[in-house]
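Visitor: Each chain is listed here by its residues.
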Amino acid sequence: MATQASRIAGRLMLSPAVLLLFLWMIVPLGMTIYFSFLRFNLLMPGTEQFTGFENYTYFFTDPAFWPALVNTLTLVLGVLAITVVGGVALAVLLDQPMWGQGIVRILVIAPFFVMPSVSALVWKNMLMNPVNGLFAALARGLGLEPIDFFADAPLASIIAIVAWQWLPFATLILFTAMQSLDREQMEAAEMDGAGPVWRFVHLTIPHLMRAATVVVLIQTIFLLSVFAEILVTTNGGPGTASTTLTFLVYMQSMLQFDVGLGSAGGIVAVILANIVAIFLMRMIGKNLEA
Amino acid sequence: MAREATKGHKAAVTFLAWGVALLIFFPILWTFLTSFKTEGEAINSHPSFLFFDWTLENYETVNQRSDYLAHFWNSVVISVGSTVLGLIIAVPAAWSMAFVPGKRTKDILMWMLSTKMLPAVGVLVPIYLLARDAGLLDTKTGLVIVLTMVNLPIIVWMLYTYFKEIPAEILEAARMDGATLSSEILYVLTPMAVPGIASTLLLNVILAWNESFWTLNLTAASAAPLTAFIASYSSPEGLFYAKLSAASTMAIAPIMILGWFSQKQLVRGLTFGAVK
Chain D
1 MATQASRIAG
11 RLMLSPAVLL
21 LFLWMIVPLG
31 MTIYFSFLRF
41 NLLMPGTEQF
51 TGFENYTYFF
61 TDPAFWPALV
71 NTLTLVLGVL
81 AITVVGGVAL
91 AVLLDQPMWG
101 QGIVRILVIA
111 PFFVMPSVSA
121 LVWKNMLMNP
131 VNGLFAALAR
141 GLGLEPIDFF
151 ADAPLASIIA
161 IVAWQWLPFA
171 TLILFTAMQS
181 LDREQMEAAE
191 MDGAGPVWRF
201 VHLTIPHLMR
211 AATVVVLIQT
221 IFLLSVFAEI
231 LVTTNGGPGT
241 ASTTLTFLVY
251 MQSMLQFDVG
261 LGSAGGIVAV
271 ILANIVAIFL
281 MRMIGKNLEA
Chain P
1 MAREATKGHK
11 AAVTFLAWGV
21 ALLIFFPILW
31 TFLTSFKTEG
41 EAINSHPSFL
51 FFDWTLENYE
61 TVNQRSDYLA
71 HFWNSVVISV
81 GSTVLGLIIA
91 VPAAWSMAFV
101 PGKRTKDILM
111 WMLSTKMLPA
121 VGVLVPIYLL
131 ARDAGLLDTK
141 TGLVIVLTMV
151 NLPIIVWMLY
161 TYFKEIPAEI
171 LEAARMDGAT
181 LSSEILYVLT
191 PMAVPGIAST
201 LLLNVILAWN
211 ESFWTLNLTA
221 ASAAPLTAFI
231 ASYSSPEGLF
241 YAKLSAASTM
251 AIAPIMILGW
261 FSQKQLVRGL
271 TFGAVK
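Line by line, the protein sequences give chains D and P. Going by my numbering, the first sequence opens with residue 1, and the numbers climb by one from there. Going by my numbering, the second sequence opens with residue 1, and the numbers climb by one from there.
Isolated chain D, as found in the complex (with noise of 0.2 angstroms):
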């Protein structure tokens, strides 16, 4: 149907995009990976020079470094498996009749919209706290010791105020998925005999699969850079107790000002998030073609 006209200015119409999203691209990331073989600190401007593979050394030698990595992994995992788990749970709960369906959506979905600033510290803040917070209220009231959430267990809190804020995106996503669900198969099974149980398993999961792994891989996106729920709750602390890869590199980069260290930081993360991606493209790209 396309006429050499039009192919000529579709291809102009496109350009500036590809363009744009080129140079991006390309340049920073140029500039880390360059960046990561030079000695260079903000602080002493001038002394740059090219050390090699010094700065990788460094940074997996850095003690923080196993942490972070450890941190990282928990974080991800954690918040993975509360949220599909909740998420699924969620969905199947919606997607019975009930009355005022439409506002129970609205009050779950609420959390995917609050900054993350403004989440860590309510939660922080008016939940956590343990002499203010209104769980620390509710521990006394039921005589209990208040915890202090960010003392004794900082990534766990951390887990827990991320977990809250991407709930809502897995219960959407797998309440979408529950929609096109075969309910004539639901039926015939039923029909048969099949209890809920083994609908649950049989035909509800599989059928969620495809939507739990797009869940799956898109929030690891997202959870791999996790930053204003640590700056602002714990800083990464105590001691690297809540730090992450992403919190680390920000450390040793905006505040240390070890450019070539945190680049190579960079680089790191940069090479771990493209494992996920690769999975991630893979799905999306087998969907493109359908």
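Simulated from the structure, these hints should not be mistaken for laboratory data. Using N, Cα and C, we set each Cβ at its ideal position, and we do this for glycine too. Take these hints with a grain of salt, some might be off.
Restraint-style ranges between C-beta atoms, simulated for each label pair [to be verified]:
hint: 1; chain 1: P; residue 1: Phe-51; chain 2: D; residue 2: Pro-238; range: 32 to 40 angstroms
hint: 2; chain 1: P; residue 1: Lys-264; chain 2: D; residue 2: Pro-238; range: 38 to 46 angstroms
hint: 3; chain 1: D; residue 1: Leu-144; chain 2: P; residue 2: Gln-64; range: 36 to 44 angstroms
hint: 4; chain 1: P; residue 1: Trp-54; chain 2: D; residue 2: Trp-66; range: 48 to 56 angstroms
Here the structure of chain D is known, so what remains is to put chain P in place on it, guided by the hints.
Guide: Frame of chain D, contents of chain P only:
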């Protein structure tokens, strides 16, 4: 489904669903309620749910700090600015990929998506240094540019999935009737594309409004949007719950209302069309 549709079952589901929903919504509700309390009431060790002396003084105080409005305005400029700029770049690109697909269209789409997979922290240092050297650090212009580029792949993808749904036959019919390329775009395509563009705009304003990596790292004071302004409340800890709540309520209310209208688009936009 006869058995499941019984009144008792429905009542039980309703009860359970409302309970869970209110639990999930509770932190937001609590913030909203606390914003109407006095500071003393807000940290009362026997917190009151509804029966306290409602006051608007927190909103007055937060608004009197004229910088609140400045930060609010920064958020508006940055989120709307980056979205509009992104649309200007993305609409032609998505249009051409949807209606004049070439051999490499799929590859280009996938490549655009892959740029979104780049973790922000991997390019933090260069972007920071480039912004500094260009004098764009802590400016709205700098953030508009950065957020435009950050969200451009999502904008292109969303528009592409919407444009894809416009039947190509309509364009052919218009062409048969002698419509030129420009009138084709203006009179045939645009009216059909407007809902998709509006949805994209809505979702992208939400994403840009809440973006909290670049806005926190590239601003200090003058261009700081609400994300950064609220984050600054983390230092005088424990003293200003009611004012924190009022500021938070004002920061999230506009976007939450927009968000409720964009549930469907959210799914499509954030899954790059993989779930519809």
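Visitor: If a hint holds in the structure, say so; if it does not, say that too.
Guide: Against the structure, the hints:
no. : hint                                        : result
1   : P:Phe-51 <-> D:Pro-238: 32 to 40 angstroms  : 38 angstroms, holds
2   : P:Lys-264 <-> D:Pro-238: 38 to 46 angstroms : 43 angstroms, holds
3   : D:Leu-144 <-> P:Gln-64: 36 to 44 angstroms  : 40 angstroms, holds
4   : P:Trp-54 <-> D:Trp-66: 48 to 56 angstroms   : 51 angstroms, holds
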